[in-house]
Amino acid sequence: MSDLAIRNVGMTSAMDATTTNSQRVAAGLKGRYAAERRFKAYGVLAIAFALACLMLLMWTIVSHGYTAFVQTMVRLEITLYPQDIDPDGKRDRDVLSTADYRTPIRQAVADLFPDVQGRSDQRQLDALVSPGAVFLIRDMVMADPSIVGKRVSITIPVSDDLDQLNKGYINPNVAEADRKVSDKQIAWFQRLKDRGLIETNFNTILFTMGDSREPELAGLWGATVGSFFTLAVTIALAFPIAVMTATYLEEFAPKNRWTQLIEVNINNLAAVPSIVFGLLGLAVFLGFFGLPRSAPLVGGMVLALITLPTVIIASRAAFKSVPPSIREAALGLGASRLQTVTDHVLPLAMPGILTGAIIGMAHALGETAPLLMIGMVAFIVDIPGGLTDPATVLPVQVYLWSDSPERAFVERTSAAIMVLLVFLFAMNAVAVLLRRRFERRW
Amino acid sequence: MLRHSLALAIVAGIGIAGAAEARDQIRIVGSSTVYPFATAVAEQFGKTTNFKTPVIESTGTGGGFKLFCAGVGVDHPDITNASRAITKSEIETCAQAGVKEITEVKIGYDGIVVANSKASPQAKFTVEMLWKALAKNVAVDGKAVANPNKMWSDIDKSLPAIKIEVLGPPPTSGTRDAFVELVMAEGCKKAAGAKEAGITGAKCGEIREDGGYVEAGENDVLIVRKLEENKNAFGIFGYSFLDQNGDKIQGSIMDGKAPTFENIASGAYEVSRPLFFYVKKAHVGTIPGIEAFIKEFTSAKAWGKNGYLADKGLVPMPDAEREKVGKAAQSMAAMTM
Numbered sequence: 001m002s003d004l005a006i007r008n009v010g011m012t013s014a015m016d017a018t019t020t021n022s023q024r025v026a027a028g029l030k031g032r033y034a035a036e037r038r039f040k041a042y043g044v045l046a047i048a049f050a051l052a053c054l055m056l057l058m059w060t061i062v063s064h065g066y067t068a069f070v071q072t073m074v075r076l077e078i079t080l081y082p083q084d085i086d087p088d089g090k091r092d093r094d095v096l097s098t099a100d101y102r103t104p105i106r107q108a109v110a111d112l113f114p115d116v117q118g119r120s121d122q123r124q125l126d127a128l129v130s131p132g133a134v135f136l137i138r139d140m141v142m143a144d145p146s147i148v149g150k151r152v153s154i155t156i157p158v159s160d161d162l163d164q165l166n167k168g169y170i171n172p173n174v175a176e177a178d179r180k181v182s183d184k185q186i187a188w189f190q191r192l193k194d195r196g197l198i199e200t201n202f203n204t205i206l207f208t209m210g211d212s213r214e215p216e217l218a219g220l221w222g223a224t225v226g227s228f229f230t231l232a233v234t235i236a237l238a239f240p241i242a243v244m245t246a247t248y249l250e251e252f253a254p255k256n257r258w259t260q261l262i263e264v265n266i267n268n269l270a271a272v273p274s275i276v277f278g279l280l281g282l283a284v285f286l287g288f289f290g291l292p293r294s295a296p297l298v299g300g301m302v303l304a305l306i307t308l309p310t311v312i313i314a315s316r317a318a319f320k321s322v323p324p325s326i327r328e329a330a331l332g333l334g335a336s337r338l339q340t341v342t343d344h345v346l347p348l349a350m351p352g353i354l355t356g357a358i359i360g361m362a363h364a365l366g367e368t369a370p371l372l373m374i375g376m377v378a379f380i381v382d383i384p385g386g387l388t389d390p391a392t393v394l395p396v397q398v399y400l401w402s403d404s405p406e407r408a409f410v411e412r413t414s415a416a417i418m419v420l421l422v423f424l425f426a427m428n429a430v431a432v433l434l435r436r437r438f439e440r441r442w
Numbered sequence: 001m002l003r004h005s006l007a008l009a010i011v012a013g014i015g016i017a018g019a020a021e022a023r024d025q026i027r028i029v030g031s032s033t034v035y036p037f038a039t040a041v042a043e044q045f046g047k048t049t050n051f052k053t054p055v056i057e058s059t060g061t062g063g064g065f066k067l068f069c070a071g072v073g074v075d076h077p078d079i080t081n082a083s084r085a086i087t088k089s090e091i092e093t094c095a096q097a098g099v100k101e102i103t104e105v106k107i108g109y110d111g112i113v114v115a116n117s118k119a120s121p122q123a124k125f126t127v128e129m130l131w132k133a134l135a136k137n138v139a140v141d142g143k144a145v146a147n148p149n150k151m152w153s154d155i156d157k158s159l160p161a162i163k164i165e166v167l168g169p170p171p172t173s174g175t176r177d178a179f180v181e182l183v184m185a186e187g188c189k190k191a192a193g194a195k196e197a198g199i200t201g202a203k204c205g206e207i208r209e210d211g212g213y214v215e216a217g218e219n220d221v222l223i224v225r226k227l228e229e230n231k232n233a234f235g236i237f238g239y240s241f242l243d244q245n246g247d248k249i250q251g252s253i254m255d256g257k258a259p260t261f262e263n264i265a266s267g268a269y270e271v272s273r274p275l276f277f278y279v280k281k282a283h284v285g286t287i288p289g290i291e292a293f294i295k296e297f298t299s300a301k302a303w304g305k306n307g308y309l310a311d312k313g314l315v316p317m318p319d320a321e322r323e324k325v326g327k328a329a330q331s332m333a334a335m336t337m
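Just so you know, the protein sequences line up as chains B and P, in that order. Note that our numbering has the first sequence beginning at 1, numbered continuously upward. Note that our numbering has the second sequence beginning at 1, numbered continuously upward.
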């Protein structure tokens, strides 16, 4: 009886417990679903915040910079009198390259405004067209000396101030003394506009020329070529070294304290600030080996040091993701360890290695701090023609332009950032493509 | 095969390094203040002569002297730009490394302006007021105390009742050094009671760190943009940035003189400093084009009253001084040490 009673009691209490438990579950269910919904909402919020920041960044850059892709030009009828340019008539290249192209341009502008008199007014009139127009005409003559003595119709950039006025960055309604263009210049510009001589063309100069102190002549091509050379050196050095290191550490090296120490140090190196590598480059590559300053060769070597740890870590992860069964099968069929690695593991790990390498390159593309130390933060007009020619890179160009006083460099800075971003997106797209193309799933 | 290509690569590498030994373009380092002017000359020089365009690094004045004084030879720069004169210790460092003959060329002046947004009224400062606004310690009742001035009106009733907020360059900047020397030190001398309270010498140049002075980085463009957004803030930067942005910002009047091109050139606006470049004489003749470059820099069309450097914001020297400096530069007269 007592037993039964106890059991009964036990049962009822157990039953009570189950009912209360299920009740409790039922009661708590709503709260748990709510918690899950909240958690998801936080996640979505985090993504939305990140996206909003990205959009804001892109919006600021694009809204500041899109105008830099067009340039205000003026169409001029220029007569290249031989007595100005080539008095001897020999068409000697040295004479042509140092000839006075200023006078014909001045004349052409003055012809459009015959009513303008007086020295000060004429100076203002001269300032309508870019001071760099002389170089454009010189290049034209150098390319085709037969145009000397002829009347040519060409479009040349207007001065940066007028270009900014035309793009609406200079407010013509403030007091004359407070802006870079005078009332007269604005009136003249309007007259040119009314005559249909002003054009806004795609800014080819931005993509074909080197740096310049005249915003309307400043281009990104020098920096782009510099970036290309630098990254070529970086990948040529970093890729083989990283792959060899990762292969040895993952596939051949015994797992002992030494390899652990090396592993820890590689991870540490990945966290070292890049300026430290710049100092190392200055001391070793320039100081000890006597390599030239500002050269993409040295820049590439320093950046290779910076990207090495990243690429090694990515490559090791790629090796680890190859299933051991592949190695065992290869070894079981009589392949040597080297054959196993080169014929089976490495090809399977390659997509991961390539992705790591390209992400490392993208990282290197954005570096400026270490390049400061080895002299690549510099004003370089000539397009580099080789690995030891002085060169600069795209992010450095962004930095240099951002610090220039001329108003027109503000939009060009944003434009340079856009070009740099396009470069980066292209590299990341290649990484994604390679992974898609070669990835194998088990 | 692999061995062959490796050997080839090494030989090629050495060949490239060897080719770089002979240098055919001028290398210039130094001040970021002189950089916009030196680059304008370099570009003109590269495009109008048959020499290559000089390579110009913006390393700061001190960094420039360090590189310049490291030695003689193609590995070292030929010219360094400076926003202050070379110091005695720098001359000694130079001499120790074998750089014995240096030609100093003064190129003109750079005004330092205190400016604010056009949306606010133009301010009338004296150096004394600015010192009182920005000093770390000021004298109160004969004692040096941490700067208690929070509003401009605390300093002088003529100034507006807005919070003191000045954006300026960090201590590493040459502009900051010049500001300390030309404004803070002068203001300190004039301020009543500062000397008695023991605020002299280097103490005069100490700038407050409690938020009244905001270090805005070396980028003057950024300061200008911040002034546009914050109507109550003032900024400290070079005259060329005021010149380019006259429709958005205005220079404050200093000791009764507005920071205009004419006032800086005549010396009436006193907060201005000379700019220089220094040439290594041993490199003349070895590196092609140095003499021609100096000639371009010191030509009337570059540094003259109506030259292209004036368009870039350089304040030229008076005619007589310019002629004298130009002659000395073109004859490569070495500094007396």
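Treat the hints as calculated values from the structure; they're not laboratory data. Some clues are possibly wrong.
Computed list of lysine-lysine pairs in DSSO-like fashion (alpha-carbon distance at most 30 Å, straight line) [stated by the list, open to error]:
#1 K231/P - K167/B
#2 K281/P - K88/P
#3 K118/P - K184/B
#4 K184/B - K257/P
#5 K106/P - K136/P
#6 K150/B - K118/P
#7 K184/B - K312/P
#8 K90/B - K118/P
#9 K88/P - K324/P
#10 K281/P - K327/P
#11 K184/B - K305/P
One side only, chain P facing chain B, incomplete, derived with CB under 7 Å [what the hints assert, rightly or not]:
#12 K47
#13 N230
#14 Q244
#15 D247
A quick note: this is a predicted structure, and the numbers were derived from the prediction, not measured. Glycine included, C-beta positions come from ideal geometry on N, C-alpha and C.
A quick look at each hint next to the structure:
1. A hinted pair counts as satisfied when its Cα atoms are at most 30 Å apart, and K231/P with K167/B qualifies at roughly 25 Å.
2. The suggested pairing of K281/P with K88/P holds, with an alpha-carbon distance near 18 Å, which does not exceed 30 Å.
3. Simply put, K118/P and K184/B have alpha-carbon atoms about 23 Å apart, close enough for the 30 Å limit, and the pair holds.
4. Under the criterion of a C-alpha separation no larger than 30 Å, the hint pairing K184/B with K257/P is consistent with the structure, at around 28 Å.
5. For the hint pairing K106/P with K136/P, the CA-to-CA distance comes to about 33 Å; that exceeds 30 Å, so the pair is violated.
6. For the suggested pair K150/B and K118/P, the alpha carbons sit about 50 Å apart, so the restraint of at most 30 Å is broken.
7. Taken as a hint, the K184/B and K312/P pair is honoured in the structure, with Cα atoms around 21 Å apart against an allowance of 30 Å.
8. Using a Cα cut-off of 30 Å, the hinted pair K90/B and K118/P is violated, with the two alpha carbons roughly 57 Å apart.
9. Between K88/P and K324/P, the direct Cα distance comes to roughly 24 Å. Compliance with the 30 Å bound is thereby established for this hinted pair.
10. A distance of roughly 16 Å separates the Cα atoms of K281/P and K327/P; the hinted pair therefore holds under the 30 Å criterion.
11. For the proposed pair K184/B and K305/P, the alpha carbon gap of about 22 Å is at most 30 Å, so the pair holds.
12. A distance limit of 7 Å between C-beta atoms decides the matter here; for K47/P the minimum to chain B is near 5 Å, and the interface restraint holds.
13. Residue-level restraint check for N230/P is violated (minimum Cβ-Cβ distance to chain B is 18 Å; threshold 7 Å).
14. Using the Cβ-Cβ criterion of 7 Å, the hint placing Q244/P at the interface with chain B is satisfied: the shortest such distance is roughly 5 Å.
15. With a cut of 7 Å, the hint placing D247/P at the interface with chain B holds, because the nearest CB-to-CB distance is about 5 Å.
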